[in-house]
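Trainee: Knowing the structure of chain A, use the given hints to seat chains B, C and D on it.
4 protein chains.
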Amino acid sequence: MYSFDTHARVRYGETDQMGYLYYGNYALYYEVGRVELFRSLGMTYKALEEEHHIMMPVLSLQQRFVRPAFYDDLLTIRTTIRKMPEKTVTFHHEIFNEQKKLINGGSVRLAFVDTDTGKTVPAPPIFLDKIKSWFEEESK
Amino acid sequence: MYSFDTHARVRYGETDQMGYLYYGNYALYYEVGRVELFRSLGMTYKALEEEHHIMMPVLSLQQRFVRPAFYDDLLTIRTTIRKMPEKTVTFHHEIFNEQKKLINGGSVRLAFVDTDTGKTVPAPPIFLDKIKSWFEEESK
Amino acid sequence: MYSFDTHARVRYGETDQMGYLYYGNYALYYEVGRVELFRSLGMTYKALEEEHHIMMPVLSLQQRFVRPAFYDDLLTIRTTIRKMPEKTVTFHHEIFNEQKKLINGGSVRLAFVDTDTGKTVPAPPIFLDKIKSWFEEESK
Amino acid sequence: MYSFDTHARVRYGETDQMGYLYYGNYALYYEVGRVELFRSLGMTYKALEEEHHIMMPVLSLQQRFVRPAFYDDLLTIRTTIRKMPEKTVTFHHEIFNEQKKLINGGSVRLAFVDTDTGKTVPAPPIFLDKIKSWFEEESK
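Chains as they are written, first to last, in the working numbering: chain A, 421 to 560; chain B, 421 to 560; chain C, 421 to 560; chain D, 421 to 560.
For the record, the hints were derived by calculation from the structure and aren't laboratory data.
Treat the numbers as computed from the prediction; the structure is a model and nothing was measured.
Where is the CB? At the ideal position from N, CA and C, for every residue including glycine.
Check the hints yourself; a few may be wrong.
To be verified - For lysine-lysine, the following DSS-like pairs were computed, each having C-alpha atoms within a straight-line distance of at most 27 Å: (1) 539(B) / 539(D); (2) 507(B) / 521(A); (3) 520(A) / 503(A); (4) 521(C) / 539(D); (5) 466(A) / 520(D); (6) 521(B) / 539(A); (7) 539(D) / 466(B); (8) 466(C) / 521(B).
What the hints assert, rightly or not - To be clear about the criterion: a stretch of chain C counts as covered by chain B if any three or more of its residues have a C-beta under 8 Å from a C-beta of chain B, and this derived list gives those stretches: (9) 451-457; (10) 462-471.
If we strip away everything but chain A, and leave its shape as in the complex, we get (with noise of 0.2 Å):
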């Protein structure tokens, strides 16, 4: 399991009339909670996309709704591997406000697609060599 915690403050452009975090704008919330998690291990998915010509669409999305998130709250964005990649990834997110309610969790499945070819790759081994020592270690 890796997991790594980064945080985003909500933009009034981001709110809606009803004076919450828009629903669609978690999906932006969870993108900054891969994009920090990729960074965290030492690589960026900007260099996954430009130098190794892999990108990651969106097979699956799915979010609960537990509390409202509002205006210029400071969220903690915790996304969490729990399973080795293969074919795919799956990124688990949990959404905290600032007093530690979970406010939105969820999760994410990407492939892997050769940006050369537009064909579905399995998890590439840059990704993988960066994450395996934290599921060799549960596994031991």
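Mentor: Structure of chains B, C and D alone, referenced to chain A:
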């Protein structure tokens, strides 16, 4: 069952550098589907909030991304209520491209909240009255 | 002069907690205005990019916010080219609400860039040919 | 004059298929600049709305797009108040990329509205008191 089709064209600002409609923007399309389903019934979500003091926060969202949608695609959003709403209502969505291929399918479950008290309430009569005939027919 | 009117309905996710269409989302409406102006001329911006290898990055934007737009308002976006494009093109936009009141006015200036070379180029003949009759008439 | 620098990283969902930060999303970055300038003064825009019942609708926006911003760029947003606010306040924004090159410059003018009466009011003392020392120094 009650189902309604509406349309939305993919905006440049809704694409991402992969050249796809960004996965987070499908939630906006689901919203358009729900809102136009309400309008097709002779009511509006706006009036529900303003006149009937009912708001509908989202409880959960799930989506499968089957094919990409591209810039300027004129998408068909099919929104269906499969089951008479009670404490909550679930909208099922299917999005088709101009070739009538399914690109995305999913569902959104929403609650009903009295904006004066902030408490959840059952599906309001104003809404149930508009759709009940579609469900009575089926049970005959 | 060439002018075209199109329509867009304000989405819930485009409002903010002030209950207004968020100021940053007007740029999307300006985009819709430009794109539908192109379509009204018998061409598409999509084809300009894909077939003619011309992209149009924005050089400048200015907007005045006259009245708020609200959720579910069906807005009219009037887009006008006042002057024959040369090195750049300026689109003027006026947005009206359902009471035909002006809510926003502004303009966007865009360049033409050859996507193969990355260099700016003059307005392409494919575009000029479509609009020149509208400007010839005026100079008579 | 009072100036404050803050940072924001370009999200995937904020890019468009040109591979650039979409032009409409700069308004969100300007908002981040304003909000963090307020926070740097020891106040928050959130409290201005909630506790002091002042909201600040945007009157006008202008932007020049000098260079593109790309996915994952860590941008610096420099926000400056050049002139003591009176009936309105103008924020000047400059956005720099990681190479310290200017990518965008512009300004936003906002009004002050009493949320109880819906009427415009002059810049509130809570705000003026926080910044006046920065302007007194200059006039010495």
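Trainee: Honestly, which of those hints from before does the structure not fit?
Mentor: 1
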